[in-house]
Amino acid sequence: MLGYLVRRILIMIPTLLAISFITFAIIQLPPGDYLTTMIAELESRGEAVDHGQIALLRQTYGLDRSFFEQYLMWLSGMLVGDFGYSFEYNLPVNDVVGDRLLLTTVVSFTTIIFIWVVSFIIGIYSATHQYSLGDYVLTFIGFLGLATPNFLLALVLLYLANVYFGTSIGGLMDPSYIDQPWSWAKVGSVLAHLWIPVVVIGTSGTASMIRRLRANLLDELHKQYVVTARAKGLPRRRALFKYPLRMALNPFIADIGNLLPQIVSGAAVVSVVMSLPTTGPMLLDALRSQDMYLAGSFLMFLAVLTVVGVFVSDLALAALDPRIRLGGGVAR
Amino acid sequence: MTAACPAGPGDADGFTVRYSPGDLAADYARAGLGLALTVPPLLALEVVPWLAWALGGAGALFALFLAATVRRQLTRWRIDDRGIAAEGPLGGAIAWPALDRVRLRYFATRRDRSGGWMQLTLRGDGVTLSVDSTLPRFDDLTARALAAAGRNRIPLEPVTEDNLAALGLALDGADPPDPPPPR
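Protein chains in written order, with our numbering: chain H, 409 to 740; chain A, 269 to 451.
Please keep in mind that the hints were generated in silico from the structure rather than gathered at the bench.
Keep in mind that a hint or two might mislead.
Said to hold, decoys possible - Just a few of them, taken from the derived set where beta-carbon distance is under 7 angstroms, the chain H residues facing chain A: (1) Y412; (2) L418; (3) I421; (4) L483; (5) L487; (6) V488; (7) A724; (8) A726; (9) L728; (10) R731.
The beta carbon of each residue, even a glycine, is placed where N, CA and C say it ideally should be.
Please construct the entire structure, taking both the sequences and the accompanying hints into account.
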């Protein structure tokens, strides 16, 4: 296992370096920089532009340096916790981001747990009770979840909560806690508000995971070894949990890496609709205004989530199902 | 160092092997590259604490892997009718009659699970020995371990059975199980 860990980490580090380079190249691709955009805006409004001050700003923030120099400055800065400067907010990126990364992580991981727990239970029930009334009802709800856009579900919930309960369910905490230091009361407020975005963001993922688990488990349950085990008198529950369920769980584990960035980036529109203080809306603004360091930091955050997610899922898969895949070679 | 030494006097039924220099060189390169990527940033920069923990942890793993590679280079494996012995630092020996656990696992670093390697773990006499499939004559060693498992009536995990089937092996008296389906 040590050799496996070492090989996987050795793949991770260059991958992250490559992603950081590509991310930086992409946010540098549009012509000009933030200051160019600012000059154009000032000139379009007929306001005077102090070119001396602009040159000073460009020098201060290293925008007059070569691409590689800027990249290395950004990369080494990230290692020491300096993610650069947000031109849009006139603040260091760390101050602008604030609690958003933490809240995004909390929402994402809670959503994943929600998806797993709900789809695990329903998927097993649907597969073991195929074509029953419960299976039809749950399948129908699953299709609804797949077909309903998240932002629409958010709007419907916002409307229902306002009309029937007279409350606003936007945000991730009571307004009185915004920009306040963390306290148990603030944590409680976040937890009280958390379930709605989790349900909204997780619905489509849950529905698709139910479909996959149901299909995979049905596939396994119809295999000869399960039929033989049942025919030999193995109890139904043991014949389910001993082997078929473990095999059907592979997509759950393998999907961690894909699920995390999908949830974070897919939640951007929901975050706008529900006024969630997560990374999505700010990333959209940063990309629009060419706020390169802010956008780059968010994109790197997504990349780290993806790479770490794939790493965790690979480790879990290696522990859960260390079987050879025929057709793949074994090193000798 | 030889990849597969001939068996010595009195070892007519056995063989002695070491990991090949090429395999060890690749592992040394991995350990060196890993240490080069993780340690210098820790020494040269005031890395943020969470990243310092991550880099430090990874660096420690690479150092451990380096030590394990050195141990593998210094270890000579003797396999005969009596049992298996790892002669070298932190070595050990298991007599076949004392063998009480056999596990064969497959590790792949690619998402399509190809291009990986197997690891045979044997336990007995209070000793656990792990051998990678990069060891010369790994198949012979696995066959002997399997024969001992059959004599000792050791139950095998389904994963181990599947991997044995991929090698064309099965417990004595049993047909090789169907190989696992491609996934």
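Hint check results:
1. Y412: holds, 4 angstroms
2. L418: holds, 6 angstroms
3. I421: Since the shortest Cβ distance to chain A is 5 angstroms, the answer is holds.
4. L483: Where the cut-off is 7 angstroms and the nearest Cβ of chain A is about 10 angstroms from L483 (chain H), the hint is violated.
5. L487: Nearest chain A Cβ about 5 angstroms off; hint holds.
6. V488: holds, 5 angstroms
7. A724: violated, 13 angstroms
8. A726: holds, 6 angstroms
9. L728: This hint is violated: L728 (chain H) lies away from chain A, its Cβ roughly 9 angstroms from the closest one there, beyond 7 angstroms.
10. R731: R731 (chain H) check passes; min Cβ-Cβ to chain A is 5 angstroms, inside 7 angstroms.
Violated hints, listed in ascending order, are 4, 7 and 9; each of the other numbered hints is respected by the structure.
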